[in-house]
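A.B. asks: In order, the protein sequence lines correspond to chains E and F. Letter by letter, the first sequence follows residues 1 to 272 in the numbering used here. Letter by letter, the second sequence follows residues 1 to 272 in the numbering used here.
Rather than coming from a laboratory, the hints here were simulated on the basis of the structure. Just to be clear, a hint being listed does not mean it is correct.
[Said to hold, decoys possible] Taking lysine to aspartate or glutamate and the DMTMM-like style, the derived pairs with C-alpha atoms no more than 20 Å apart in a straight line are: (1) E:K3 x F:D108; (2) E:K5 x F:E225; (3) E:K5 x F:D46; (4) E:K3 x E:D19; (5) F:K90 x F:D256; (6) F:K3 x E:D35; (7) E:K5 x E:D56; (8) E:K90 x E:E225; (9) E:K3 x F:E50; (10) F:K5 x E:D56; (11) E:K5 x F:D108; (12) F:K90 x F:D56; (13) E:K3 x F:D46; (14) F:K173 x E:D256; (15) E:K241 x E:E258; (16) F:K5 x E:E139; (17) F:K241 x F:E258; (18) E:K90 x E:D256; (19) E:K5 x F:D56; (20) F:K3 x E:E184; (21) F:K5 x E:D108; (22) F:K5 x E:D46; (23) E:K3 x E:D35; (24) E:K241 x E:E253; (25) F:K173 x F:E225; (26) E:K173 x F:D108; (27) F:K3 x E:E29; (28) F:K90 x F:D108.
If you want the building blocks of each chain, they are given just below.
2 protein chains.
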Amino acid sequence: MDKIKRNERLSAIARMLADAPNRIHTLGEFCELFDAAKSTVSEDIDLVAEAFRRFDLGTLETVAGAAGGARFRPTVSRERAVQALAALAKRLEEPGRMLPGGFLYTSDVTSEPDTAQLIGEILAQQYYDRQPDLVLTMETKGIPIALMTARALGVPLVIARRDSRAYEGSAVKINYVGGGDRIETMALARRAVHPGQRALIIDDFMKGGGTLQGMVDMMREFQAEVAGVGVMIATRAPEQKLVEGARSLLILEKFDRERGAAVVRPADAYAL
Amino acid sequence: MDKIKRNERLSAIARMLADAPNRIHTLGEFCELFDAAKSTVSEDIDLVAEAFRRFDLGTLETVAGAAGGARFRPTVSRERAVQALAALAKRLEEPGRMLPGGFLYTSDVTSEPDTAQLIGEILAQQYYDRQPDLVLTMETKGIPIALMTARALGVPLVIARRDSRAYEGSAVKINYVGGGDRIETMALARRAVHPGQRALIIDDFMKGGGTLQGMVDMMREFQAEVAGVGVMIATRAPEQKLVEGARSLLILEKFDRERGAAVVRPADAYAL
């Protein structure tokens with residue numbers, strides 16, 4: 001095999017680290033792949049890290065110690081987040097998105113892989129330090145965002161169901177307060193979560209907060225901890241949510257019935 | 001601003017192209033970002049492409065013409081696909097995954113972002129030439145794989161629901177033959193698909209093929225074309241599926257009731 005040049009190593013390192021977010025790659029892996037010395041690979045990683053920093057492409061860190069190596073985390077600068085969320089708010093204000101019952105049509109937006117990924121990365125970066133073991137969501141609309149949050153955190157996604165289906169095996173079922181104060185059922189496969197795990201709860205939309213509180217209660221049933229609760233968009237009213245401490249990227253202020261459109265703005269943390 | 005060195009440009013180009021699969025980035029974008037000449041950026045792209053090829057990290061192509069530029073496609077070599085699917089088959093043969101009704105517990109595997117991404121990329125690469133406009137799946141378990149297929153193809157995901165929910169707006173509803181020959185209902189928001197679009201239908205599991213055929217019928221209702229039908233795993237029996245031409249990565253041969261485990265093997269195209 002020809003000698004592998006720095007140019008090739010940098011391209012490969014950038015691609016491999018960025019494609020496995022929040023996982024540690026040992027220097028040894030790269031040394032073997034490139035047939036290069038540790039000091040060489042270490043310099044390569046510094047160069048990639050510097051390029052990522054310069055162009056706002058995420059954070060590449062060196063982790064010391066026996067299990068050490070390099071770790072990439074998708075991070076979105078405040079500037080980029082502010083810009084992206086302003087654009088997203090604008091899209092959600094398009095006429096025709098108002099639905100009966102105070103809901104907003106967002107499925108087209110949240111199911112775009114790049115949008116879901118961006119939202120997932122903005123949500124994820126608030127929780128790296130809490131080191132969640134998994135991301136929990138409730139079917140269906142929140143799944144794309146939750147999966148991309150899990151991807152950024154390098155952890156599995158766990159999906160609670162509206163009903164326990166045959167193909168999930170034995171399940172824990174709980175009741176929770178859904179929209180319009182109706183009592184709803186949520187089910188989660190017994191094997192999906194282990195005692196002591198830390199769950200980050202993610203959903204697309206929060207109105208009363210009942211579904212999110214249901215997921216918090218579900219984690220209690222599994223003796224798991226809640227590392228945080230994050231949503232893409234929360235309604236302004238009711239101010240008092242059933243779940244505590246949820247963070248939202250966007251606020252649905254109200255529906256402007258004359259314009260037939262929602263009024264949406266970025267949450268304070270992302271205001272211009 | 002300091003002059004941007006080739007090292008930095010390569011790291012940034014590798015990251016930016018790989019993070020937006022199957023989208024064309026014009027040379028002009030990079031020229032502006034790096035304050036560099038087209039010939040320089042063009043050489044950079046060739047170097048990144050060569051590194052990706054050498055280390056089996058995907059395909060970076062130059063697209064000629066007015067709308068030309070560089071396009072990255074996640075591609076998985078046969079060697080890597082064979083290895084990955086053999087490992088996946090082995091995991092699905094673990095005892096305890098057998099569920100009543102001939103189902104297999106796969107949610108833990110398909111909801112791992114890296115596994116979902118790998119499966120999505122292996123599925124996607126069979127359909128790049130069909131140029132689908134969207135990926136269609138039916139809630140819930142297939143969503144992670146379908147989202148990652150859509151990500152690789154650079155197109156939106158569309159999710160059919162078991163029921164039309166208030167928050168999706170007006171919907172098309174059809175009946176289809178579900179498991180155990182039961183008649184089930186599938187709903188899809190009217191605005192989700194436009195006439196003439198090409199849909200790639202993706203799901204995690206195929207037994208009779210009724211759900212997949214339901215999605216084919218749904219696309220007919222929308223006057224959309226079907227660009228293909230792909231699943232992660234299909235049962236050997238019944239040989240005759242309700243849907244035609246579906247491709248599967250894995251075959252669930254049978255349940256070994258003595259071992260209490262499934263017998264799973266890669267499909268012929270991925271056999272050792």
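A.B. asks: Now tell me if each hint is right for this structure.
C.D. replies: Against the structure, the hints:
1. E:K3 x F:D108: violated, 41 Å
2. E:K5 x F:E225: violated, 46 Å
3. E:K5 x F:D46: holds, 14 Å
4. E:K3 x E:D19: violated, 25 Å
5. F:K90 x F:D256: Judged against 20 Å, a Cα distance of about 14 Å means the pair holds.
6. F:K3 x E:D35: violated, 30 Å
7. E:K5 x E:D56: violated, 25 Å
8. E:K90 x E:E225: Answer violated: K90 of chain E to E225 of chain E is near 36 Å, above 20 Å.
9. E:K3 x F:E50: holds, 14 Å
10. F:K5 x E:D56: holds, 16 Å
11. E:K5 x F:D108: violated, 40 Å
12. F:K90 x F:D56: Since the Cα atoms of K90 of chain F and D56 of chain F sit roughly 23 Å apart, the hinted pair is violated (cutoff 20 Å).
13. E:K3 x F:D46: holds, 18 Å
14. F:K173 x E:D256: Judged against 20 Å, a Cα distance of about 30 Å means the pair is violated.
15. E:K241 x E:E258: Violated - the C-alpha atoms of E258 of chain E and K241 of chain E are around 27 Å apart, more than 20 Å.
16. F:K5 x E:E139: violated, 47 Å
17. F:K241 x F:E258: Between K241 of chain F and E258 of chain F the Cα gap is close to 27 Å, so the pair fails against 20 Å, i.e. violated.
18. E:K90 x E:D256: Distance of about 14 Å is within 20 Å: holds.
19. E:K5 x F:D56: holds, 16 Å
20. F:K3 x E:E184: Not satisfied, since the Cα-Cα distance of roughly 60 Å exceeds 20 Å.
21. F:K5 x E:D108: violated, 40 Å
22. F:K5 x E:D46: holds, 14 Å
23. E:K3 x E:D35: Holds, at about 8 Å.
24. E:K241 x E:E253: holds, 15 Å
25. F:K173 x F:E225: Between K173 of chain F and E225 of chain F the Cα gap is close to 18 Å, so the pair holds against 20 Å.
26. E:K173 x F:D108: Judged against 20 Å, a Cα distance of about 18 Å means the pair holds.
27. F:K3 x E:E29: Given that 20 Å is the threshold and the Cα spacing comes to 32 Å, the pair is violated.
28. F:K90 x F:D108: holds, 14 Å
When held up to the earlier numbered hints, the structure conflicts with 1, 2, 4, 6, 7, 8, 11, 12, 14, 15, 16, 17, 20, 21 and 27 and fits the remainder.
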